[in-house]
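2 protein chains.
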Amino acid sequence: MRATVIYGAGDVRVTDVPDPKLVEPTDALVRVTHSCICGSDLWPYKSMPRVEEGQRIGHEFLGVVEEVGAEVRGVRPGDLVVAPFVFSDNTCEFCREGLHTSCVNGGFYGTDGVDGGQGEAVRVPQADGTLVPLPPTGDEELLASLLTLSDVFPTGHHAAVTAGVGPRTTVTVIGDGAVGLCAVLAARRLGAERIVLMGRHPARTDLGVEFGATDVVAERGAEGAARVRELTGRGTHAVLECVGTEEALATGLRVARPGGRVSRVGVPQYEQGSVGPAMFRRNVTLTGGIAPARAYIEELLPDVVEGRVRPGRVFDRTIGLDDVPGGYRAMADREALKVLVKP
Amino acid sequence: MRATVIYGAGDVRVTDVPDPKLVEPTDALVRVTHSCICGSDLWPYKSMPRVEEGQRIGHEFLGVVEEVGAEVRGVRPGDLVVAPFVFSDNTCEFCREGLHTSCVNGGFYGTDGVDGGQGEAVRVPQADGTLVPLPPTGDEELLASLLTLSDVFPTGHHAAVTAGVGPRTTVTVIGDGAVGLCAVLAARRLGAERIVLMGRHPARTDLGVEFGATDVVAERGAEGAARVRELTGRGTHAVLECVGTEEALATGLRVARPGGRVSRVGVPQYEQGSVGPAMFRRNVTLTGGIAPARAYIEELLPDVVEGRVRPGRVFDRTIGLDDVPGGYRAMADREALKVLVKP
Numbered sequence: 001m002r003a004t005v006i007y008g009a010g011d012v013r014v015t016d017v018p019d020p021k022l023v024e025p026t027d028a029l030v031r032v033t034h035s036c037i038c039g040s041d042l043w044p045y046k047s048m049p050r051v052e053e054g055q056r057i058g059h060e061f062l063g064v065v066e067e068v069g070a071e072v073r074g075v076r077p078g079d080l081v082v083a084p085f086v087f088s089d090n091t092c093e094f095c096r097e098g099l100h101t102s103c104v105n106g107g108f109y110g111t112d113g114v115d116g117g118q119g120e121a122v123r124v125p126q127a128d129g130t131l132v133p134l135p136p137t138g139d140e141e142l143l144a145s146l147l148t149l150s151d152v153f154p155t156g157h158h159a160a161v162t163a164g165v166g167p168r169t170t171v172t173v174i175g176d177g178a179v180g181l182c183a184v185l186a187a188r189r190l191g192a193e194r195i196v197l198m199g200r201h202p203a204r205t206d207l208g209v210e211f212g213a214t215d216v217v218a219e220r221g222a223e224g225a226a227r228v229r230e231l232t233g234r235g236t237h238a239v240l241e242c243v244g245t246e247e248a249l250a251t252g253l254r255v256a257r258p259g260g261r262v263s264r265v266g267v268p269q270y271e272q273g274s275v276g277p278a279m280f281r282r283n284v285t286l287t288g289g290i291a292p293a294r295a296y297i298e299e300l301l302p303d304v305v306e307g308r309v310r311p312g313r314v315f316d317r318t319i320g321l322d323d324v325p326g327g328y329r330a331m332a333d334r335e336a337l338k339v340l341v342k343p
Numbered sequence: 001m002r003a004t005v006i007y008g009a010g011d012v013r014v015t016d017v018p019d020p021k022l023v024e025p026t027d028a029l030v031r032v033t034h035s036c037i038c039g040s041d042l043w044p045y046k047s048m049p050r051v052e053e054g055q056r057i058g059h060e061f062l063g064v065v066e067e068v069g070a071e072v073r074g075v076r077p078g079d080l081v082v083a084p085f086v087f088s089d090n091t092c093e094f095c096r097e098g099l100h101t102s103c104v105n106g107g108f109y110g111t112d113g114v115d116g117g118q119g120e121a122v123r124v125p126q127a128d129g130t131l132v133p134l135p136p137t138g139d140e141e142l143l144a145s146l147l148t149l150s151d152v153f154p155t156g157h158h159a160a161v162t163a164g165v166g167p168r169t170t171v172t173v174i175g176d177g178a179v180g181l182c183a184v185l186a187a188r189r190l191g192a193e194r195i196v197l198m199g200r201h202p203a204r205t206d207l208g209v210e211f212g213a214t215d216v217v218a219e220r221g222a223e224g225a226a227r228v229r230e231l232t233g234r235g236t237h238a239v240l241e242c243v244g245t246e247e248a249l250a251t252g253l254r255v256a257r258p259g260g261r262v263s264r265v266g267v268p269q270y271e272q273g274s275v276g277p278a279m280f281r282r283n284v285t286l287t288g289g290i291a292p293a294r295a296y297i298e299e300l301l302p303d304v305v306e307g308r309v310r311p312g313r314v315f316d317r318t319i320g321l322d323d324v325p326g327g328y329r330a331m332a333d334r335e336a337l338k339v340l341v342k343p
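Residue numbers (full-length UniProt numbering), protein chains in the order written: chain A, 1 to 343; chain B, 1 to 343.
Hints were generated in silico from the structure; no laboratory data involved. Treat the hints with caution; some may be incorrect.
Copies of one chain are not kept apart here, so a pair can be met inside one copy or by any two copies together.
As the list claims (entries may be wrong) - Heads up, simulated SDA-like pairs for lysine to any residue below, C-alpha to C-alpha not over 25 angstroms straight-line: (1) 21 <-> 7; (2) 46 <-> 280; (3) 46 <-> 276; (4) 46 <-> 278; (5) 46 <-> 281; (6) 21 <-> 189; (7) 21 <-> 89; (8) 46 <-> 142; (9) 21 <-> 209; (10) 46 <-> 7; (11) 46 <-> 64; (12) 342 <-> 223; (13) 21 <-> 212; (14) 342 <-> 2.
Can you build the whole structure from these sequences, using the hints too?
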């Protein structure tokens, strides 16, 4: 089959790879109908050291089950399913706590012999724990929103949940990428009435306003933080940090109200952060982490299916599998917000 | 009157200072009967740059009200009272949320014309919001425990509360100083059954075991973290970081179970901490901060008065006011765990 392989910074190729086959009785084969490129795929695209043997990439997909292992009970061939971006057994002590990203039998697509999501098909380990059946549909707008359940929408939701967002919470969202916009949507869905979106790309922040942002702050760093404080008085209860840079973390810690919570869901591109006395004196909490998307899909699904939220609007470009390298370029150059791939 | 003044590292003196007088109608004058030296006083004692005009020091005290301003209603002359280590109005938006350390009318002893606690008397601003009346007693053992309500016991409690300690929580406490031992006591009081105390001073860890620690780990750093994981499998749900060094924070982040919470209550002696991808991947939360002692006193008081907890056992030396410089030396040299001062 054809699948996406990365060989180093700037070098993404769509090549022939072995067809996936069932290996474990708990596996399922999924024919991918919709996949996409993640902001986190851009980090290796920007900085991965060159490798001889490329690495499979992509971790967001939905598709149709083709074949299941002998022990799989929850999905069957022909089912439309979405795959959260980490596979998990949904039964271990961490899964039972809703922390599927720490599943003792879980893992990541594109590593250890598991296919990446940007390809024609994927062998999904722990299929019963991982795959969530969806109502059959041919509605491409709905399918785009369903695809966001694999990562970007639950990731925004995870930021909002771990930051304690609710009806009486004021919120700052840092970053107008797809995760930031989904975090706005998630915060609004959880009842937040005041949502300040920090971003400086008008086309993106405009969508953020449609998703529920009440204020947009284009300034960054200390200046941006000052502007948020000016707007909100003492900062906001919740800060959803959806970028992953040290500067974004520092901004988040600055705009949190005393006693507030900064939740980060962008993969940290730093080892050290400014968590010193200023944060301590104000009792600001740093929370979040890699989102256990699997834990949230059932909760978010009805609102997506019934059209109360339309997270699929973050996709502003659709391409075929062979155009994936161009999709990476477009996202890296900020010509596209988020690229949907139809293999 | 006589009071303690610090002039720089290693230079603490007890000198004559002006007698305190009521300034605001919300003030009270408190004759200090019991004060003490805090682990956080040792940071300036170790590193404060030399100053010409010394600075008053000390922030933990209990005593008898001598005089109150015209607007004070909650305490009257003759009352035995304990003062939390930050004064606060107990009515502002932060106080109502239990975050008295961010009170908009609050502040610290020893600065801005407010007396320090290591002296004969203190003018207490925001007396109604700050001072908590105590049942009269002459029992010195009980008075020592009541004194801990000003800081060290609520600080340990704050660590436990913000880390979410409860009956099903496993806990690591980092640090066998007075705060660490009080954190053990607080965690046990909140129902934790497994409490690993990281400390290497047997006299202190022995008291920690009496307070409720089930395991003691003497190793530090990576070795200590490995030992805690060995004992607990995957680390503990809650980590109470009661030291304040970057190493202690790093250890805390290592011994937290995925999804766990590290709460720090020792004043950070660092600007940058290791909050990078390893913490993110495991969804570990960093919380805590300066403890709003005032928020907890009513809750903790009955257990202290009725002897169910005896946090005053952290005091292993009692001195007079003139001996305060020697008290600092003894604590800095780890000859004393915590020094009680009777002016």
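Worksheet item: Between the shortest in-copy and the shortest cross-copy C-alpha distance, which are at most 25 angstroms for residue 46 and residue 281: within, between, both, or neither?
Response: between (37 angstroms within a copy, 21 angstroms between copies)
Practice prompt. At 25 angstroms max between alpha carbons, let me know whether residue 21 reaches residue 189 within a copy, between copies, both or neither.
Written response: neither (40 angstroms within a copy, 55 angstroms between copies)
Worksheet entry | Alpha-carbon proximity between residue 46 and residue 278, which holds within one copy, between copies, both or neither at 25 angstroms | between (33 angstroms within a copy, 21 angstroms between copies)
Item to complete: Go through the copies and call it for residue 21 and residue 209: within, between, both or neither, with a Cα cutoff of 25 angstroms.
Response: Cα proximity of residue 21 and residue 209: none, with 45 angstroms in one copy and 56 angstroms across.
Worksheet item: When no copy is named, should residue 21 and residue 212 be tagged within, between, both, or neither for a Cα gap of at most 25 angstroms?
Response: neither (44 angstroms within a copy, 54 angstroms between copies)
Discussion item. Please sort residue 46 with residue 64 into within, between, both or neither, judging by C-alpha distance up to 25 angstroms.
Written reply: Result: close neither inside a copy nor across copies, 32 angstroms intra and 66 angstroms inter.
Discussion item. Within, between, both or neither: how does the pair residue 342, residue 2 come out at a Cα-Cα threshold of 25 angstroms?
Written reply: For residue 342 and residue 2, the Cα distance is within 25 angstroms only inside one copy (12 angstroms; across copies 80 angstroms).
Worksheet item: When no copy is specified for residue 46 and residue 7, does a C-alpha distance of 25 angstroms or less occur within a copy, between copies, both, or neither?
Response: within (11 angstroms within a copy, 53 angstroms between copies)
Worksheet item: Given identical chains, is residue 21 near residue 7, meaning Cα to Cα at most 25 angstroms, within a copy, between copies, both, or neither?
Response: within (24 angstroms within a copy, 75 angstroms between copies)
Discussion item. Within, between, both or neither: how does the pair residue 342, residue 223 come out at a Cα-Cα threshold of 25 angstroms?
Written reply: neither (41 angstroms within a copy, 50 angstroms between copies)
Discussion item. When Cα atoms must be at most 25 angstroms apart, do residue 46 and residue 276 count as within-copy, between-copy, both, or neither?
Written reply: between (30 angstroms within a copy, 19 angstroms between copies)
Practice prompt. Classify it for me, residue 46 with residue 142: is the Cα-Cα distance of at most 25 angstroms met within a copy, between copies, both or neither?
Written response: neither (31 angstroms within a copy, 63 angstroms between copies)
The structure shown violates the earlier hints numbered 6, 8, 9, 11, 12 and 13.
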